[in-house]
Amino acid sequence: MKISTIFKNGIIKENPVLVQLIGMCSVLAITNTVENSLAMSAAVIAVLLLSNIVISSIRKLIPSKIRIPIFIVIIATFVTMVEMFMEAYAVDLYRSLGIFIPLIVVNCLILARAESFASKNGVFISAMDGLAMGLGYSIAIIALGTVREIFGSGSFLGMSLFGENFQAAAVFVSPAGAFILLGIIIGIFNVTIKNKATN
Amino acid sequence: MSLFAIMVSTILVNNYIFARFLGICPFLGVSNKMETATGMGLAVTFVTTLASIITYIIQRNILDTLGLEYLQTIVFILVIASLVQFVELALKKISPGLYSAMGVFLPLITTNCMVLGVAILNIQEGFTLVQTATNAVGASLGFFLALILIAALREKMDIADIPEALAGFPITLIAAGLMSIAFSGFAGLV
Chain A
1 MKISTIFKNG
11 IIKENPVLVQ
21 LIGMCSVLAI
31 TNTVENSLAM
41 SAAVIAVLLL
51 SNIVISSIRK
61 LIPSKIRIPI
71 FIVIIATFVT
81 MVEMFMEAYA
91 VDLYRSLGIF
101 IPLIVVNCLI
111 LARAESFASK
121 NGVFISAMDG
131 LAMGLGYSIA
141 IIALGTVREI
151 FGSGSFLGMS
161 LFGENFQAAA
171 VFVSPAGAFI
181 LLGIIIGIFN
191 VTIKNKATN
Chain B
1 MSLFAIMVST
11 ILVNNYIFAR
21 FLGICPFLGV
31 SNKMETATGM
41 GLAVTFVTTL
51 ASIITYIIQR
61 NILDTLGLEY
71 LQTIVFILVI
81 ASLVQFVELA
91 LKKISPGLYS
101 AMGVFLPLIT
111 TNCMVLGVAI
121 LNIQEGFTLV
131 QTATNAVGAS
141 LGFFLALILI
151 AALREKMDIA
161 DIPEALAGFP
171 ITLIAAGLMS
181 IAFSGFAGLV
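Just so you know, the sequences run in chain order A and B.
For what it's worth, our numbering labels the leading residue of the first sequence as 1, then goes sequentially.
For what it's worth, our numbering labels the leading residue of the second sequence as 1, then goes sequentially.
Looking at chain A on its own, in the form it has when it is part of the complex (with noise of 0.2 Å):
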């Protein structure tokens, strides 16, 4: 398989968010700021690479019938480094990410990856997936967040865009407004890049 066929797979034909809709709680939830987005999309990718390379180097010592359990554990592990990480050296970041960052674990997307392609791929090509894989996310998740930190604040990145006498829409921070959000997106995703890529 060529590496280019990957990355267009991971970003455009099967992105994980805008086409698979798998790994939503952690995109829909902390996509209010472009911050927080660029944080879990590098939480999200290490993990993603670590996972993938170690299952593909070790895949044929690992027996098919307890397979699931063996990748939870090898993801787990990589999970509570990055959480580790993260809570010592940018504090702020693990407080306003919370719980999502240990709730990567069940992100359907990794387990997803491990079962249907490092287990069964090359450690080079396998590590090439996690990263278009991750790349596909993360473009996914830092549009969301920069929509939502721009209607819903007036900001990017903390830096107020538009003065003091902007009226922010405070529905595009709270929950309603990423659900929202998130199904135009998709909408737009589908008539325009999607369509022209499977033509």
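Derived by calculation from the structure, the hints in this document are not laboratory data.
There could be a bad hint or two in this list.
[Said to hold, decoys possible] Below 25 Å or equal to it, Euclidean Cα-Cα: the simulated DSS-like pairs (lysine-lysine) are:
(1) Lys60(A) with Lys120(A)
(2) Lys2(A) with Lys13(A)
(3) Lys120(A) with Lys8(A)
(4) Lys65(A) with Lys92(B)
(5) Lys60(A) with Lys2(A)
(6) Lys93(B) with Lys65(A)
Fit chain B to the known structure of chain A by using the hints.
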């Protein structure tokens, strides 16, 4: 916090789907028919309650006393995964009727982030065992309510005339958003 306040809070005010975004995958995945939604709701209620109680006991008696709090994530997810397997086996043997109602949904529950989320939140909030059980039941009932409401809506939307680009998941997300606005009306109740 009184038990009644916890119950009202988790079912209506801080509904786990609409306000805290836990358990969105099954909420979107199995909500296309009323029947499957009921089965999933039952299975989640059962597993979440059981898992919360067991993880609470493990945290307080094993992890806390041995100073192993950092193993929380790994231990909890393993407990939940094996509990789900165990419940599946036990149900098959003891109650085939119940198994056929919620059996197919059980394997899916391991990756339902609500189960792990509620278990971790119980510890973070510093609840007692009774409060933990109440919180778990309330959270699952709130999930059940959200699932049934959206399933009823989706059955109607199947026959509605929806723009092609929004058909399927996008319109479901928008409907969930509107429902979330309605639920935010409960704010201040507790």
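Verification of the supplied hints:
no., hint, in the structure
1, Lys60(A) with Lys120(A), "holds (9 Å)"
2, Lys2(A) with Lys13(A), "holds (15 Å)"
3, Lys120(A) with Lys8(A), "holds (19 Å)"
4, Lys65(A) with Lys92(B), "holds (20 Å)"
5, Lys60(A) with Lys2(A), "holds (23 Å)"
6, Lys93(B) with Lys65(A), "holds (21 Å)"
Going down the numbered hints, you'll see the structure goes against none, and every one checks out.
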